Amino acid sequence: MTLALYRKWRPQTWDEVIGQDHVVDTLCNALKAERIVHAYLLAGPRGTGKTSAARLLAKTVNCLSEDPVQRPCGECEHCQALNEGRFLDLIEIDAASNTSVDDVRNLRDKINFLPNQGRYKVYIIDEVHMLSTAAFNALLKTLEEPPAHAIFVLATTEAHKIPATVTSRCQRHEFRRISIDEIIAQLKKMAQSEGIQAGDEAMELIARQATGSMRDAISLLDQLASTGKEITLGMAQDVLGTATSQSVLDLMDAVISKEAPAGFDQIHTTLDAGGDPRQFARQIVDYLRGLLLMNMGNKEQSKDTADVKLQMEKHADQLSVDKLLDLIRVFNHAAYEARASWQPALPLEMAFLEAIETTSAPVQIKEAPAQRAPERKTPAKAVKAAQKTQEPAIEVSPQDQEAMQSLNAAWGEIIKQVRRDNPKAYGLLNSTKSRYIKGNQVVLCFNSEIVKQLMEKEANLEIFRHILVQVLQKDLIVRCEVDSTKRNTIPPELGDDGMVAAAVRDLGAEIVDIQ
Amino acid sequence: MRGPYFIQFYTLSNWSLWAKIMHMEWGIAGHEWAVDLLREHVAQDRMRHAYLFTGSQGVGRRTLALRLAQALNCDQPPASGLPCLKCRSCEKIEHMTHPDLAIVEAERIGGTLKVDQVRELQRSLTLTPYEARYRVAILLRFEEAHPSAANALLKTLEEPPPKVILILTASSVEDLLPTVVSRCEVLRLRSLALNEVSQWLEDDWDIGSEEAGLLAHISSGIPGYALRLHKEPELMEKRAVWLEDHQRLISSGRVDRFAYIAPLIFTKNPSKTRTELRDRFLIWISLWRDVLHKAIGTSAPISNLDHAEVIAGLVEAFGEDNARSMVSALQRTLILIDKNVNARLAAEVLMLDLPYRKIDPPAGETHFQGQTG
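Here the protein sequences line up with chains G and S, keeping their order. For the first sequence, this note's numbering gives the first residue as 394, with consecutive numbering after it. For the second sequence, this note's numbering gives the first residue as 8, with consecutive numbering after it.
Isolated chain S, as found in the complex (with noise of 0.2 angstroms):
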């Protein structure tokens, strides 16, 4: 069944290429033992009935389960396990069009997956495939997932009909219910190695090493959000002024720190209020970690390659002990952001928790501010 491939690129001899392209047959960054495993699965038509793919987003969770269905339903598979991306059922799935393919997610980042979408999927599930081999369910984002939906799912989870495969996708185990997560086969995405990120951009989006290396670093190990870095510049800019912002405020007084987050509140949209801030932190926040980082002297590559001057002077003005109490701060703040505290508050703790460094201003300013304070 290998055929063509398997002659052109043993006649080359090259053996490190030819495992090369046969992960690359799915298309993907890294994750070369879940492919292998999961490849192996279809090739040997020892399927699971449900699997569970957990990982930071970006990892590459839902393209991994799309390949999945790919492989299972391919119409000319090119060898056993291997999806040719090409023919319309494969298209079709990569579309996420195709009849036999039910994606199931909550309407929006950080939404809910409703119970009533559990029971549709339930009532399609019980019907024969339409026209592949395979039904394939792929549930995204289960975590948000309404503890009664997950609940639904449960006898599904277990003993599905036959010819039905579920694919879960998670950030973690631990945010699942463990009913959930003991009914799965689970695969654990990790992070790639950076120098993996920057060679995938490299090859496959023919991105320029210095630039592939930077968004490697930037997004440490995770492709999706280094792709998503290189497709949409603004990211890139907006990352660019927040690190700015943070330079100012740093050594700015109080007064200055409250007064550049109350544009970042929207009273009457909390969710955009939430993204506002909790992007501009999630930059700060492996800032700071590289900061610490530097300041212990670890010997882990840095996140903001492009910034290393700023980090070293943060390192030498504040050194370890503040950059931890800042990381943690940084830390608790995102995680109390996210449990929908009042999001104004927060950050306020958050700009006062700011450590302060002076910049030797004009005599004049710093009394100004005390009068005006």
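Pulled out of the complex, with its shape left as it was, chain G reads as follows (with noise of 0.2 angstroms):
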């Protein structure tokens, strides 16, 4: 069994620790100085070095050697003990597995014994962010004012979990995300010393990948170099899963010319190939966002190939910011929001099939549904739906009409009235679908023969007819029909399978307005 690299290759001095010189320079001046105060908080995330340097930390303070500004000299019997991890001044705490308040009170009970061998104990609480609140608290006094020979770092991945007064009692140092030429500068390091063989494409792959942490990127050159070949840009996108950049190119040329099975292949081949759908989703993020970057006139920042270049300014001309803005929106969501492990590939086909549609201009959105809806029903259908909506315009003459608006008019003051005379009369009229006059005849629909024949019983006819005559001073005929024609129409825009349609036919629901 081999170290991991990481675990090998963890910075032994200051000097090696990388991409946090804001840190360590503070931190060597001050120990140069023997400035040190008892408190430290570390906090950054992951692979920025924190517990490195913590333990550097903890090496300096302990060093033999004479001069402050050798230290950590690496030589001393100190140094060794601490090298090999048998230093007994050092306590390192796992804070996630010893969360509780009796852990807590288990280190204040030791603190107060002066160091065994060292000048001071170091107490370093890894994952402090883990601690219950009863333990923060239980640590505060003891934070506060250690005894002189005591000093503490606390290292965490997440510092909003930590509570302000634990962190106004230490010396906050934040770490930073380390930049990709860092990383890159100290893997080909690494590979020299390492003896592993490795090309510059695969290495930028890799340093990518790690997204600003170093145990990230030395673990994937770690496992990439475990088959003791070379490692090539083929082999590690095969070990991390990622699509050629070839293939993003062609999905994105899908996507402007909306050729959804052309997209749909184009997925599935990279698949296929050993493509991760989320880790091709983020690619072509990243891809997006190259070409975000040039339509906002960067163009120096991308450092892509030539070709690959030549290529997105091609792309980048026919995408305007807003819709790269969509683009890059709906295929991060596929790369980081859906859980769906189901079905692997199909967040990223439904994110390509809405890039089409983001990519289509709004106006061609809007009519390709109201082209295709006509087509869906069936013929008879169609044709029966047209002749209602003629039906009404028949045989409407001038007076008619007028006595009609006088009606429709007087209607409420009509229905009050039937209402103080007879109340099941008004239930019924109030049920009318809908009424019209016709000469001397008023004629009122009902939705079902059942209300209809209700209707015509001779006193609810009477007492319609008397107040009629009270509030119209006309004597008009009264008759009753079952209107069928206007019952269950769905106007022809709604389609056949909407909530609308479905209100309509299942429940005998009424379309009262449309807005």
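Worth double-checking, as some hints may not be accurate.
As a list, the in silico EDC-like pairs of lysine to aspartate or glutamate whose alpha-carbon atoms are at most 16 angstroms apart [claimed, not checked]:
(1) G:Lys622 / S:Asp43
(2) G:Lys622 / S:Glu47
(3) G:Lys716 / G:Glu747
(4) G:Lys845 / G:Glu874
(5) G:Lys651 / S:Glu327
(6) G:Lys651 / S:Asp328
(7) S:Lys301 / G:Asp658
If you are wondering where the hints come from, they were derived from the structure by calculation, not from laboratory data. Bear in mind that the values here come from a model prediction, so they are computed numbers and not experimental data.
Assembling the complex is the task here: the two chains are given apart, and the hints tell you how they should meet.
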């Protein structure tokens, strides 16, 4: 069993800590001037050197070298012991496993004893964000005024989880993500001394993949090197599940030209060749970001090869900033939000379809469904619908229309009076579907035969006629009809399968108003 | 060390077969690249202290982890890096009863891996191996680990005691803490090519080529699922029933659709409700995905090979737009159900989203529906 490279290459001197000059300089100068505080808080993303810095700190304060500038010397007894992990006064606590208040009390009981060998007892509390609230509070007094020989170093990836009362008692140092160039330089240095053959492109892919974490980068290098062969770009892509940049370009072509079959096939060839769907989506987002930079006039920022750049310019011309932002949102969603593992390719496919829609002009989107809607209907139905819509327009003379208006205006008054005399008739009248006047007849249309028959009872008709005479000063004959035409009419623009259609068809709803 | 096997196959001078046998020795369907890599690690004694296998359920994560443990601890390896799968150690690991093998997982699928389990593991890992060369800890479905359990493992995962190998399995890297992932060597297992699965089913399980092909399609390249479908015929029956249900629901009104959902809801047993609904919806989403693919006209193989006519019918009736909105509706519903929303509500909303196709019923029937509604 070999030691993983990231453990083997843990920085042993301050110079070996990469990309954290702001922290290293501050700490080194303080240590040289022997201005040591009793509590440090090291915070930052994974794999940026927090634990390493904490151990270096312990080494520096306990180094036996006479000259503070030389510390840690790496040769004295204490440095050796620290390197081998057998230094008694370095107490490294895994706060994620020892979260309880009892663990902190245990620490407090022992801290008062003088160091065994060194000048200082150094307590490294790693993953400190996992301590329970009670544990944090139990630590407060000790953290504020520990014995002169004790130094606390708290390390965490999630500084926001640490109570303010703890943060304010510590000197806080923020670690940053390491830049790609720094990672590449370090990887090259390691590859050289480990005898690993690796191409520059592969190195860059590894560094990009690591997203600023040195440990991720070294792990990947380690993994790729384990076969003992030269690390090529193809091999790195295989293990990481990244697609070739050509497949990203091809997919973007399909998005721009809106060729769904071509795009789907491209997705499948990529995944069959060993691409990881999320990884692919992330690559697309990365590429789109490049296009965005181009469109904003930052051409120089992208580091791609000349022919890829040429392609990018072509794509950048065809997509506006707004569309690019939409596309980025869509593919980003596929890369991060979907937690679907039942059909790995599905989020990507849906994102692609959405992307095609996004790239079309808004006018086209609106037109498309309208054109398709009538096609879906059976011809017979379409004809029927047309007939129905024409019917009301037939045979309405001007006099009738006038009478109609007066009836409609007085309708509220009429049914109010009916209600006073006969609530039952009022209910029936209320359920009329429509009414119209034709010559000396007033026709009431009902939804169903049952209601019609009820209304046709002599008493009901009589009272209605009576009140009509009172209100309109006209004697009209009342006729009842069942209105079968208007029932279940679904306006063609609503489609056959929507909610409204279902309500009309299944639940007997009526369309009152279309807004 | 390659001994008899080497000679035997060398004389056959059939190198491709030899190469195949080498993979077969791990007894795993597909994932040649992963097996090669791990075998190389074992053979050259370049083991890492922590591995993470990711992939869909049934793709072979656990099997690969067990084989790795066997390859590490086999008493009589036929060749370096190959487990014999016959010796006592191999057998005990296969049955997960080996004293130096710790399996840690949530109490059930969809449960939670608790911090106490991790602490217990940490205690046992500090002991030297009892009889094997390595103490192997396999943490299954680590995405189910409680955040505090995942955090508790961090220090162990970074610098475990000597002679300890940790193997984690998870559905995807994104479901784990980044701090966990960065401490492991990650192997992303992917679904296999369909012919790989069907070949494996034919060779290793004596399944007829027609059935094997169908199972491979239905499982969309996930060997574990394909095998489960074969071993549990009732699953296939259920699938057929659910697909029929779907056909019926497509051409029935809202009332019937809601009536279909009602008996699937167990108010006293939410997890049963979730499984009932999820299983159905998974079948349906694969159906609609096929419809979508056919409507668009891609060359990708369809999953529901045995329902090609149904799919063609749906393509004709609804077209691409409907298929797309249906796939995303199903997807959304599945995610919601996993997120523990009101399952009944989610399912009913899905029923409303389901498109409607009239299948020329007798005139009276539609009328009747309208009235009862």
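Taking the hints in turn, this is what the structure says about them:
For the suggested pair G:Lys622 and S:Asp43, the alpha carbons sit about 13 angstroms apart, so the restraint of at most 16 angstroms is met. Distance restraint check for G:Lys622 and S:Glu47: the Cα-Cα separation of roughly 12 angstroms lies within the 16 angstroms cut-off, and the hinted pair is therefore satisfied. Simply put, G:Lys716 and G:Glu747 have alpha-carbon atoms about 12 angstroms apart, close enough for the 16 angstroms limit, and the pair holds. With a CA separation close to 7 angstroms, the supplied pair G:Lys845 and G:Glu874 stays within the 16 angstroms bound.
Restraint check for G:Lys651 and S:Glu327: the C-alpha separation of about 14 angstroms stays at or below 16 angstroms, so the hint holds. Simply put, G:Lys651 and S:Asp328 have alpha-carbon atoms about 15 angstroms apart, close enough for the 16 angstroms limit, and the pair holds. Restraint check: the Cα-Cα separation between S:Lys301 and G:Asp658 comes to about 12 angstroms, which is no more than 16 angstroms; the hinted pair holds.
Consistency note: the structure conflicts with none of the earlier hints.
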